[in-house]
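Peer 1: With the hints as your guide, set chains B and C onto chain A.
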Amino acid sequence: MSELIPVIVAKYNYWLYIVLMMIGLYAMIAKNNLVKKLVGMNIFQTSIILFYVSIGCKKGATIPIIHHGIHAGQHAVDPAHYVNPLPHVLMLTAIVVSVSTLGVALALAIKIYNRYKTLEEDEILARLRAQ
Amino acid sequence: MIWQLDLAILTLIIVTAIAAISVKDLLGCAILFGAYSFLMCLLWAIMAAVDVAFTEASVGAGVSTVFFVAAVFRTTRRTRD
Amino acid sequence: MKTVGIIIVFLAGTLLLYATQDFPPWGAPDSPASTHVSPRYLQRAMEETAVPNVVTAVLADYRGFDTMFETTVIFCAGIGCFILLRVFRQRPEDRYYRHIATEITLHVKGGRIPNKSSEFERIDALWTPYDLIIKTVCRILVPFIQLFALYVIAHGHHSPGGGFQGGVILGASVILLAISHNMRTAIDRLSEKADNLLMAIGVFIYTGIGAVCILLGAGFLDYRTLSAVLFVDDIMARSHGIFGVEIGVGITVMAVMISIYNNLASAGKQDEGL
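If you read the sequences in order, they're chains A, B and C. Every letter in the first sequence is one number past the one before it in this note's numbering, and letter 63, counting from 1, is 63. Every letter in the second sequence is one number past the one before it in this note's numbering, and letter 36, counting from 1, is 36. Every letter in the third sequence is one number past the one before it in this note's numbering, and letter 153, counting from 1, is 153.
Keep in mind the hints are simulated off the structure, nothing from the lab. Please read these numbers as outputs of a predicted model, since none were measured by experiment. You may find that some hints are simply not true.
Said to hold, decoys possible - With a Cα cut of at most 25 angstroms, we get these calculated SDA-like pairs of lysine to any residue:
(1) C:K269 with B:R74
(2) A:K111 with B:K24
(3) B:K24 with C:G5
(4) C:K269 with A:Y113
(5) A:K37 with A:T101
Okay, chain A solo, but in the shape it has when bound (with noise of 0.2 angstroms):
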């Protein structure tokens, strides 16, 4: 037991991502409603940001920005002082590219709603079978 309690301190934030990605996942698979699928896509997508975020971090490291004193001049830059910039990166892109999805998936479901007067999956099937 004691030698469990190093590795639950070193990585119990990977389990509670983890937990966040299944519920994002069952909300995707198990929902019936069209708008609780999508929150689900969302949470599934920002879980997955941070878990990639979460990986550049650094113990005592501070933010991506290079001190730049007045008077000095250019000091010699230790990588371990600063976050890894380089998942920031990746994930700007994600975000961004996560609220254009929201935004073309919502379109989606007016046009079911108005189609079918309902966003319930099941009733929207029952009804594409009776046509």
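Peer 2: Using the frame of chain A, we list chains B and C on its own:
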């Protein structure tokens, strides 16, 4: 990276996510999604990812929630599950 | 469906949890993500591009192709919403007008009274009273929000911010106008045709800067060659190139956010909504 703060906000995030997919009112779902987005922004600010936090605050908690509310306004507000 | 969902979620969750035993502990400075390319970016960003915000430098200069295609993705999302939702030919429908002098509300079926008439004002079908306090306060706030957004775009070199964030805040200012007043007021300020044109102009600016770099003799989006046009040295030319593409990104993002909101809130008709 204070681990107590991290753990507390992560717990709140999981609670908000479960609540956002369980309420029966779609407008409440959209507002809870906005709260979830704000808590995510806070978590990233704690992890020193300031650009990502800024983007999530403006995009997720701002514009994304407005899109959801606009779509709920144009469709229906009640849901069975 | 719910039992299938729970089974799938449990299987996937167990698989992922099993995979975490290979992960490096959280916050270790020698994890594989932080040891190959990113130390080079951190060490050389200031001396090669004169931009202290390493995230902006990597986003717009070292990984400029990604950002260009991301701007194109946002543009395609705006076009997609427009194509899906927009309806043009409108059958004569019911409209509600209010006579301003006597405050009588008319329900006009089929015909229409012009929108700019001085005796009748048009109100939405699902009418909520527009409050005077909200209208006045939001009207005063909008220019300050836009000023802050322009500051975020321009100061992206030294502080968190940049093109995306500033563009979204600019779009949010016009959406605030549409929510607090009427959607017709916001469309009067920024018409649909100008909005669609702005969507394309932003992507054009970004790709145009890349094409200018080719015309001056180097590769696509290689900002060092812009020093011949801007009359500065190579390092400052890269800094100005980054600023130029951030402007392009900001314009596109603003126009797309406004366009998607207009199409969503009015279900394509762009005359009433929220």
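Peer 1: Please go over all the hints and tell whether each is borne out by the structure.
Peer 2: Here is how each hint holds up against the structure:
1. C:K269 with B:R74: OK: C:K269 and B:R74 at ~12 angstroms, within 25 angstroms.
2. A:K111 with B:K24: 22 angstroms, holds
3. B:K24 with C:G5: With Cα atoms ~19 angstroms apart, B:K24 and C:G5 stay inside 25 angstroms; holds.
4. C:K269 with A:Y113: Measuring from Cα to Cα gives roughly 16 angstroms; hence the hint holds.
5. A:K37 with A:T101: Given pair A:K37, A:T101 holds - Cα atoms ~13 angstroms apart, limit 25 angstroms.
Every hint, counting from the list given before, is met by this structure.
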